[in-house]
Structures are given as C-alpha cells and as structure tokens.
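Those sequence lines, one after another, are chains S and E. With the numbering used here applied, the first sequence corresponds to residues 2 to 440, in that order. With the numbering used here applied, the second sequence corresponds to residues 19 to 356, in that order.
Honestly, the hints are just simulated from the structure, not real lab data. Cβ atoms here follow ideal geometry from the backbone N, Cα and C, with glycine treated the same way. You may find that some hints are simply not true.
Claimed, not checked - Below, simulated EDC-like cross-link-like pairs (lysine to aspartate or glutamate); rule was C-alpha separation at most 20 Å, straight line:
1) K92/E / E224/S
2) K228/E / E77/S
3) K230/S / D308/E
4) K201/E / E408/S
5) K49/E / E224/S
6) K230/S / E296/E
7) K95/E / E227/S
What the hints assert, rightly or not - Here chain E is said to cover these stretches of chain S; the calculated rule only asks that three of the stretch's residues, wherever they fall, bring their Cβ under 8 Å from a Cβ of chain E:
8) 96-105
9) 394-403
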Amino acid sequence: MSNAKSVAFVATKMIPPSPPPSGSVGPIHWAREHLFPTPLNALLTLVSIAFVLWLTPEIIRWAFIDAVWKAGSLAECREIARAAGVEGSFACWAVINERFNQFMFGFYPSELYWRPILAFALLLVALAPVLFAHLPRKMLIFSAVYPFLAYWLIWGDSLWAPLSAMAGFAVAYAAFRALSGGVVQLGLAAAAAAAGLAAVLWWLFAASSAAEAMQAVLPLSIEHVESAKLGGFLLALILGVSGIAMSLPLGILLALGRKSDLPVLKGICVAFIEFIRGVPLITLLFVASTLLNYFLPPGTSFDLILRVVIMVTLFAAAYMAEVIRGGLAALPQGQYEAAAALGLDYWKSMRLVILPQALKISIPGIVNTFIGLFKDTTLVSVIGLLDPVGIIAPMRADSNWNGIVWEFYGFVALFFFIFCFGMSRYSMYLEGKLKTDHR
Amino acid sequence: MKHSLILGAVAAIGLAAGAASANTLEDVKAKGHLQCGVATGVPGFAFTDADGEWQGFDVAVCRAVAAAIFGDPKAVKFTPTTGKTRFTALASGEVDMLARNTTWTFSRDTDLGFDFVGVNYYDGQGFMVRKDLGVTSAKELDGATVCIQTGTTTELNLADFFRTNGMSYEPVPIETNAEARQKYLAGACDVYTTDASGLAATRSTFEDPKAHVILPEIISKEPLGPLVRHGDNEWGDLVRWTLNALIIAEEKGITAANVEEMAKGTNDPEVNRLLGAEGEYGKMIGLGKDWAVNAIKAGGNYGEIFARYIGEETPVGLARGLNAQWTQGGLLYAPPFR
Numbered sequence: 002m003s004n005a006k007s008v009a010f011v012a013t014k015m016i017p018p019s020p021p022p023s024g025s026v027g028p029i030h031w032a033r034e035h036l037f038p039t040p041l042n043a044l045l046t047l048v049s050i051a052f053v054l055w056l057t058p059e060i061i062r063w064a065f066i067d068a069v070w071k072a073g074s075l076a077e078c079r080e081i082a083r084a085a086g087v088e089g090s091f092a093c094w095a096v097i098n099e100r101f102n103q104f105m106f107g108f109y110p111s112e113l114y115w116r117p118i119l120a121f122a123l124l125l126v127a128l129a130p131v132l133f134a135h136l137p138r139k140m141l142i143f144s145a146v147y148p149f150l151a152y153w154l155i156w157g158d159s160l161w162a163p164l165s166a167m168a169g170f171a172v173a174y175a176a177f178r179a180l181s182g183g184v185v186q187l188g189l190a191a192a193a194a195a196a197g198l199a200a201v202l203w204w205l206f207a208a209s210s211a212a213e214a215m216q217a218v219l220p221l222s223i224e225h226v227e228s229a230k231l232g233g234f235l236l237a238l239i240l241g242v243s244g245i246a247m248s249l250p251l252g253i254l255l256a257l258g259r260k261s262d263l264p265v266l267k268g269i270c271v272a273f274i275e276f277i278r279g280v281p282l283i284t285l286l287f288v289a290s291t292l293l294n295y296f297l298p299p300g301t302s303f304d305l306i307l308r309v310v311i312m313v314t315l316f317a318a319a320y321m322a323e324v325i326r327g328g329l330a331a332l333p334q335g336q337y338e339a340a341a342a343l344g345l346d347y348w349k350s351m352r353l354v355i356l357p358q359a360l361k362i363s364i365p366g367i368v369n370t371f372i373g374l375f376k377d378t379t380l381v382s383v384i385g386l387l388d389p390v391g392i393i394a395p396m397r398a399d400s401n402w403n404g405i406v407w408e409f410y411g412f413v414a415l416f417f418f419i420f421c422f423g424m425s426r427y428s429m430y431l432e433g434k435l436k437t438d439h440r
Numbered sequence: 019m020k021h022s023l024i025l026g027a028v029a030a031i032g033l034a035a036g037a038a039s040a041n042t043l044e045d046v047k048a049k050g051h052l053q054c055g056v057a058t059g060v061p062g063f064a065f066t067d068a069d070g071e072w073q074g075f076d077v078a079v080c081r082a083v084a085a086a087i088f089g090d091p092k093a094v095k096f097t098p099t100t101g102k103t104r105f106t107a108l109a110s111g112e113v114d115m116l117a118r119n120t121t122w123t124f125s126r127d128t129d130l131g132f133d134f135v136g137v138n139y140y141d142g143q144g145f146m147v148r149k150d151l152g153v154t155s156a157k158e159l160d161g162a163t164v165c166i167q168t169g170t171t172t173e174l175n176l177a178d179f180f181r182t183n184g185m186s187y188e189p190v191p192i193e194t195n196a197e198a199r200q201k202y203l204a205g206a207c208d209v210y211t212t213d214a215s216g217l218a219a220t221r222s223t224f225e226d227p228k229a230h231v232i233l234p235e236i237i238s239k240e241p242l243g244p245l246v247r248h249g250d251n252e253w254g255d256l257v258r259w260t261l262n263a264l265i266i267a268e269e270k271g272i273t274a275a276n277v278e279e280m281a282k283g284t285n286d287p288e289v290n291r292l293l294g295a296e297g298e299y300g301k302m303i304g305l306g307k308d309w310a311v312n313a314i315k316a317g318g319n320y321g322e323i324f325a326r327y328i329g330e331e332t333p334v335g336l337a338r339g340l341n342a343q344w345t346q347g348g349l350l351y352a353p354p355f356r
C-alpha cells in the first residue's frame, strides 16, 4: 500500500546529537549527583568538608609552620618554639634529623653506609625487569644474581661464600642436564629431584669448604658487618623484600601441591598450610628467636635475622598458597581440559595455560599478602630486633628526647605508607595491563 | 651405618654444648667480647645516643664487666631484649649476662635458674599526681582514677595497697609508659603509678615538671640487678665482684680520674688489694691484677655512673635515696674486699 515515497516525511540524514541538557553535565551536575543526591548525603558531605577544613590547617601548623627542625634536645626544641611564640603543641622534627641514620641503617658502621645504599639502588635495577615486561629480558640475569650480591654487600665478608652458594644452582643445573638427556635418560621429575638433591648436598658438604679454599687462593673480601648491627628501615626492607621474593614461588608450589593427585604430597602441603595458618606470626617469631636456641648447640651462629626471614617467608607462603589456590579454583575446568587436549604435560600445562590465568586473577590477593607481610615485619620488635618501630624505644629513652611520641611514629608511618601505597598502585597497573576480558 | 653417624653427630653436638656452657669466662675470652642483654629502652638505664652507642646506668655495668675482662669497655656487644625475651636469651646462652631493670624475686632466682649477682638500683613503686590537687600523701588518694600498666606486678601492688588502707580507686588500664604519659597529661587519670625511677624519668619530660609531685610513699620493693645463668659460679662471682668493685670504689673515694694514681699504692690496704697493688686477688676470679682498675676506669665508680645517667643533675633527676652508700644512710653495702 504505502512505500517510502508515500510517507510524509523521512529523514535523509542523521540528526546531529544535541549536547546534553545543561542540568546534566558540568561540575554542578557532578556535585549534585555525587555530593548532594539526598538530604542525608548532603549533610554528610558538609560535615566531612567541615572536618577536613578543621583538621588540615591544624596538622599543617603542627607539622610544618610551628615545627622545629634543628635542636639538640626536646627541651631545646621547646625553647626555640616558645621563643618563636608558638602556643600549644608542635612537631620537634629535630629528633628525626639527628637520628636519621639510625632510622635508616640501625647501628651499621657509618663509614660503610655506601654498601646498603648501593644494595638498595641495585635492588631497583633488579626489580625493574620483574615488574615491567617491556624491559630487555637479559636484565633478569642480574635479578637472579642480585640476592647473592645484596647479601655480600650488606653482610660483607668473603665474596666466595655467596658465590659458592650460587654454584649450588649451577651444580643442580648440570646434574639436571646430565640426567635428563645428556649422560643418562631419566624421567624429567626424577632428574629434577636428583638435581635438587645434588644442590642440597653441595650446600651441606661442599659449599663452605669450596668457599674457604677459594678464599685462600684468591682473597676477595670486604669488612664483615654482623647482624646485630642491622636495624631500622634497612632491616625492614631485608625482611620484607626477601620474604616477598621467596614466599611467592613457595606459595605457588604449595598451592599446586594442595591440588595435586599425589596423596602424600597433598597431605604434606595441606598439613603445612593449615599448621602455619593456625599459628600467629608472633608465635613463629618467638620460636625463631628463643626456642631454636635451646635446640641448637650454644655457639652455633645460626643468624637471628636468617631465622626470622625463614619464619616470615613460611608464614607468608602459607597465605600465598591459599590466595593462589583461589585463583586456580576460579579457572573453568575447560582450561585444564584444553591444556590436556593440546598434549601438554603437567608442568607445561601449568606454566603455559593454567598459572598465567590463575595468577592474574589472584593479583589483588597476592599484593594484599605482600603488603600484609611487609607491615608484619614490625612485629620483630617484640623479639628485640630493632626494626623502625623497635628502634624508637632506645631513642626515646635518651633523656634528650624522652617525651617525643608522634614525630617518631609519624615518620615510620610515612615510610610504610610510601612502600605499601607503591605496591598497591603497581598491582592496579598490572591488573589494568593484563586485563583481557571485555567487560 | 647412617644411624650411627647421626647419633655420633648428636653426641658430638651435645658434648660441644656441654663444653661450651661450662665455662662462660673461657667462652667470652675466646669470643673476644662480652655479650650483654640490655633493655630496648628505659630512660637513663638503657638508650642509644646520637652515634648509635648504647648508654645508660644498666649498660655501664656491662661495660665495667667487659673492661674488667678485656681492659676495654668497648669489648661488649649488646643484645636488646624485651620483657618477654630477656630470660630465654640468658637461659639459652645467647647472652652472657643480663643487666636490664630486672627485679630480683624468689622464683626468678630459683625456678627460672638464674643467679642475681647483686642490686645496682633499689627501686619501688610510687605515685605521681598534679601539684594543684593538693595531695601530699598516697593515703589521701581515696576514690582517685589511677593510670596503671596492665599485667604487671605494679597492678597487683596497687590493688593490695588500696585494700589494706581501706580505700577505693578506679583503674585506667594502659599498655606502655608513653601511653600513660599522654593519658596522665590529658587528665584521663589523677594518678600515675609505676616504679619511682620511671615516674621521675616521665616527669622530666613534661613541659612543666614542677607542676607534678611524686608522693613520698613507696609501696613495693623492686631491687633491680644484673643476673647470670645458674651453674657457672665462677662467672657469677666475676660479675658480682665487678659490681661490688664499683660500689667499694665509691666508698673509698676511687674515681675514674684518680684510679691510676691510687693503683700505685695508698695507705688503705683494702684499696691496695682491690686495685692490685697488694696480693693476687684478680687471679682468684681468673682475671689480671688490674681488673678492678679497668672496671672503674670504664665509667667511674658507682656514684659517678649514677650521677652521669640518672642523678639529680640529669633530666631523669633521681636522688640517691636508698641507693646511697650504707655510710650515708642508704642500702649499698658491698662485702669487704679481702
């Protein structure tokens, strides 16, 4: 009956979109939508703004305007502030100024400060290729060497000790190559197990004598700094970084072990995870600091920091395993089946198909565990290690500074905030970069 | 074969352990330094200075012992211990001695297996109030709110004191001294109670210390002293007599400045015996002739150490009180040196 021609009006071109009505764009609309949508929300907004306006100038006055930056004692701080006409409380940052090096390095010999500083700078270099995928992959070689280098820089002594520890991995690799195809033909798993055994044997029996022999031939050593001298942020970073670096691989292995079909392996992993999660960290620290002493012969120099690092790592690894298990469980069964259908063996399917996806899902949980671990390192002050929180006590006991509280804790809080916030931002960056779904 | 190896290793470790703990002095000499447990921070008693060196009244005891053994007050390494780790650190051999504000009690001396070698500070629990309250005696504190550290003996002492005097109080529980300071200054409690030395140290940090008074009543005995492990009496003797040497030195007027001079010989035979001018007394504790000279040179006699770290001239500002020599009406009474 009718066709296009008989219709009264047909638009022949698109009508250009009109701008939205003025009431629904712009800052006023945003404020109405987000700040004052209902009377209750409007009230809450006003109260919050008033609170911030009331608090901020007070904090700025306390921390900056009225603050005293240079003085020899709290009494001197007060004199200076009173002379400047300051009423009420004020920050005496002079104490941080005077004790800055103690906060940073503990009791590390001051002429050797360059060593931890260099170790920290190299830490950034070693971390860069791990954190940012577009950097050359060759840099990972340095990352692998870094732990040994950092150990040598911080503790000093003979270079051959970390080198011979590193040689253990070379031994393992050589054994693996020889057993998995070079000399004899063993199964991959058997070869890997034998290689691990070879490395352990090397570390137990050959490493120290090899180091001594090399030291005798070619002495290469720098001044030894004992663990008791480490403290402050240096200690927090040593515990945090080594705990984080070791707990992730250990956690992955535990998570895979827990999902394994092998009953003994699975049993061990479940028992380990459940035991560690059932015990507070502070208990493990007490075991490390005191109980182990009773079992070890007196004079055994099993370093306290090493013991604490092991405990912190085990603790974090148990939590990490559960976080990663969550990621593994979130993957559809089809992924496992698809990997199997491609003919991949267990390790290849894990490495190429399952883990990349599972780890991506788990990023927020993993970083959460990292941040928790880093902050938990302050618990070591309870066993007398002078981490940033622990080192406050002997400083505050100095009669020059006794009475200062907020400045110390504020400074330490700032330090931890910088690191934890950095980790959190990085995890968001990583999540954004790895996002492949189309939500 | 394998089993016998392991057993052999265990036996060897056991033997090494036995040998290592039998003679602490030998071990210390072999190590080349004394390992001393100190507090992680008590004003005047243990703290770190701007150079990161440990200082304080308790620390000075460690330095004196190190000087007596090695002639060098710096031949000592410090292990900061908390209230929770101090005893295990000593019992397990991690430290050779403990000089850490530790009250000498029956069970610590017997059941825990330690030997208190003496008392370097006689403390006791006291009360601090604001001056404008007009209180002059702890007996007038009926109905007061009291800031009290939870889980300590001071809490029990407080309850006992108020009960025996038929008074009531309202406790304000706190965790640390720093927290108590804030609460007390903010007026959350009328009274702060802890060891009198702690009260004095806390008061010294107030902006206006004169507005607060420490009441005269001391309601508990807190003899604080260095301690060593049970089982090595020679080592205990050495630490005990180093402390005594410092006390005798004050009694006899030997100071860090004149000790060298007096060591050459004086008219007082006891001084001569102590400083090695007469007899072979150092040998009896396995040390050299000049052990006491070195110990006194390290930080001065007891009175000098007291004056430097916690005396009335310092911010902590403690009077000698019970810690005066027995000749001055105090409790310091070292046995005769002969």
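Structure-based check of all given hints:
1. K92/E / E224/S: 19 Å, holds
2. K228/E / E77/S: 18 Å, holds
3. K230/S / D308/E: 31 Å, violated
4. K201/E / E408/S: Satisfied, since the Cα-Cα distance of roughly 18 Å is no more than 20 Å.
5. K49/E / E224/S: Judged against 20 Å, a Cα distance of about 18 Å means the pair holds.
6. K230/S / E296/E: 41 Å, violated
7. K95/E / E227/S: Given that 20 Å is the threshold and the Cα spacing comes to 11 Å, the pair holds.
8. 96-105: With 4 residues in contact (Cβ-Cβ under 8 Å with chain E), the coverage given for the stretch 96-105 of chain S holds.
9. 394-403: That given contact holds, which follows from 9 residues of the stretch 394-403 of chain S lying within Cβ reach (below 8 Å) of chain E.
When held up to the earlier numbered hints, the structure conflicts with 3 and 6 and fits the remainder.
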